[in-house]
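Undergrad: Let chain A serve as the given structure and place chain B on it in line with the hints.
Chain by chain, the residues:
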Amino acid sequence: MIALLESIGAMLQRLCLQSGLYPMLFGKIIRRLAKRPFFFRQIFLQCEEVGVQSLPVVLLTAVFTGMVLALQSFIAFHRFGAESMTATVVSMSILRELGPVLVGLMVAGRIGASFAAELGTMRVTEQIDALWTLSTDPVRYLVIPRFLAALLMMPLLVVLADGIGILGGYGISVWMLDQNPSVYWTNSFLYLKQIDFWSGLLKALVFGGIIGLIGCTEGFYCEGGAVGVGEATTRAVVLSAMSILVGDYILTAWIFQ
Amino acid sequence: MNPDIKISTRGLRKVFDHRVILEHVDLDIMAGESHVVIGMSGTGKSVLLKSILGLIQPDAGSILVNGEDWCALSEDEKLERMRCIGVVFQGAALFDSLPVWQNVAFVLLRQGTSPQEARARAEEVLDWVGLPGIGNKMPAELSGGMKKRVGLARAICHQPEIILYDEPLTGLDPVMSDIILTLMKRLHEELKVTSLTISHNMNLVRKFSDRVSMLYEGRIHQQLRRDEIDTCTDPVFRQFVEGTAVGPMHIQGTEHNGRNQP
Chain A
278 MIALLESIGA MLQRLCLQSG LYPMLFGKII RRLAKRPFFF RQIFLQCEEV GVQSLPVVLL
338 TAVFTGMVLA LQSFIAFHRF GAESMTATVV SMSILRELGP VLVGLMVAGR IGASFAAELG
398 TMRVTEQIDA LWTLSTDPVR YLVIPRFLAA LLMMPLLVVL ADGIGILGGY GISVWMLDQN
458 PSVYWTNSFL YLKQIDFWSG LLKALVFGGI IGLIGCTEGF YCEGGAVGVG EATTRAVVLS
518 AMSILVGDYI LTAWIFQ
Chain B
909 MNPDIKISTR GLRKVFDHRV ILEHVDLDIM AGESHVVIGM SGTGKSVLLK SILGLIQPDA
969 GSILVNGEDW CALSEDEKLE RMRCIGVVFQ GAALFDSLPV WQNVAFVLLR QGTSPQEARA
1029 RAEEVLDWVG LPGIGNKMPA ELSGGMKKRV GLARAICHQP EIILYDEPLT GLDPVMSDII
1089 LTLMKRLHEE LKVTSLTISH NMNLVRKFSD RVSMLYEGRI HQQLRRDEID TCTDPVFRQF
1149 VEGTAVGPMH IQGTEHNGRN QP
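Those protein sequence lines, which keep their order, are chains A and B. Per this note's numbering, the very first residue in the first sequence carries number 278; after that it's consecutive. Per this note's numbering, the very first residue in the second sequence carries number 909; after that it's consecutive.
Quick caveat, the hints were computed from the structure, so don't treat them as lab data. Please note that the accuracy of each hint is not assured.
[Claimed, not checked] Away from chain B, derived, C-beta distances all over 12 Å, residues of chain A:
1) E360
2) D455
3) T463
[To be verified] One-sided excerpt, in silico: chain A residues whose CB lies under 10 Å from chain B:
4) A311
5) K312
6) L408
Heads up, the beta-carbon is just placed ideally off N, CA and C, and yes, glycines get one too.
If we strip away everything but chain A, and leave its shape as in the complex, we get (with noise of 0.2 Å):
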């Protein structure tokens, strides 16, 4: 009984440890922002990583989506003669849910993992030490151009989801389901309200700020050799996907209630 005891507690004080870092790391992203040195060249090779290497994947995602989502609401609105509203759904469910949750989940996987996976690598190999030592901050050099990069990129990658993911909807709807490419073009942005597109984008930044935060920070804190790497890439993953959800209906319920 007293061993069970003993282990529980010791989870939970290695939970409560593990969660401080986060709010730790980002004070220290947040006291370093305005300061120099600023290390451009590194927050624009970030953006590149986060931004331009993940669009295949993030656009593949959301025109499957578009496409798959405007012939199940056509086969659900065919049901009782509403086939115009696919439209509508295709487009606000994209703009407001889907897009950023879905790219949110796809950024999660392949830039949470790899800013862990190259930050722990990192810690353990000792580099992290080594730049402390050649005189450049760690957190300045390798953290705030990670954080920045998924903070400014996600909204951008949202939007180019939105766009591909209601023209997947087009395709399949006008030379699929053989609907009046017009009368979708318009039902599609007739029922928008400005707040779908900003939800959408808002909720694309509070992710970004998410996927870079657990990433780098299981990254930067990680401890272990290569197998506290791998737990720390998959913790970051999962982690980072559940925050996304939660924060998702967080965000849904704070928008729009």
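TA: Just chain B, lined up with the frame of chain A:
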């Protein structure tokens, strides 16, 4: 404080998970000397080195470098003063994403030196460590010994006053160990830099040290000049030097490097 003292620790204490790693460590490294700290694995050698570098915050005590208390400095102030120190890491710790010359000239490039000048200086230092013409290679293309020499080149490229070596010969074959040791001696004799080396290699101690300190159970157990090594009769020191399992030494657990990273 004596102006000849480059690094001084006073009453240094560090505890991890209720285990005392360092307990009242007093150590003075004089200008121009080569000081080697020896001790078994887990006795706190790396913690001592990381404390001096500011990578670990000690629980008590002070660390003075060039007479200035580094424990009282902010992170930015420490980073600024870190330029007076070069560090050679056990595994070289080269940046995988940068070619060799950018690794070597990292500090110069950060200080705003033009890429051409930084490249020229990097090539000069690489030549000095016996690796001319490898500036464009990536660290992954180098052998362990070459990485170590590039690590040494990186540590000296910005001409620091003090060089810290963390287990510089670990994992190297005898020939490569001798090459690195020769380079370290040349560096010490030609450039007159102050050296602090963490090692348990007695060959290095005999060939490279001016003074040697033995860390045992978190404290400086013995401090000797090189010529006193063979005449010292302390049983713990003798057991370590002779490398025997039988003796008064209390064998401790595994090494703990902590988590107080910057």
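Undergrad: Now tell me, hint by hint, if it's right for this structure.
TA: Here is how each hint holds up against the structure:
Interface exclusion of E360 of chain A from chain B stands, the closest Cβ pair being 53 Å apart, more than 12 Å. Every CB of chain B lies more than 12 Å from the CB of D455 of chain A, the least distance being 52 Å, so the non-interface label holds. For T463 of chain A, the requirement that its beta carbon stay farther than 12 Å from each beta carbon of chain B is met, with the minimum near 50 Å. At about 13 Å, the closest approach between the beta carbon of A311 of chain A and any beta carbon in chain B exceeds 10 Å, and the interface hint on this residue is violated.
Checking K312 of chain A against chain B by beta carbon gives a least distance of about 8 Å; that is within 10 Å, so the hint holds. For L408 of chain A, the suggested interface contact is upheld, since its CB lies about 8 Å from the closest CB of chain B, less than 10 Å.
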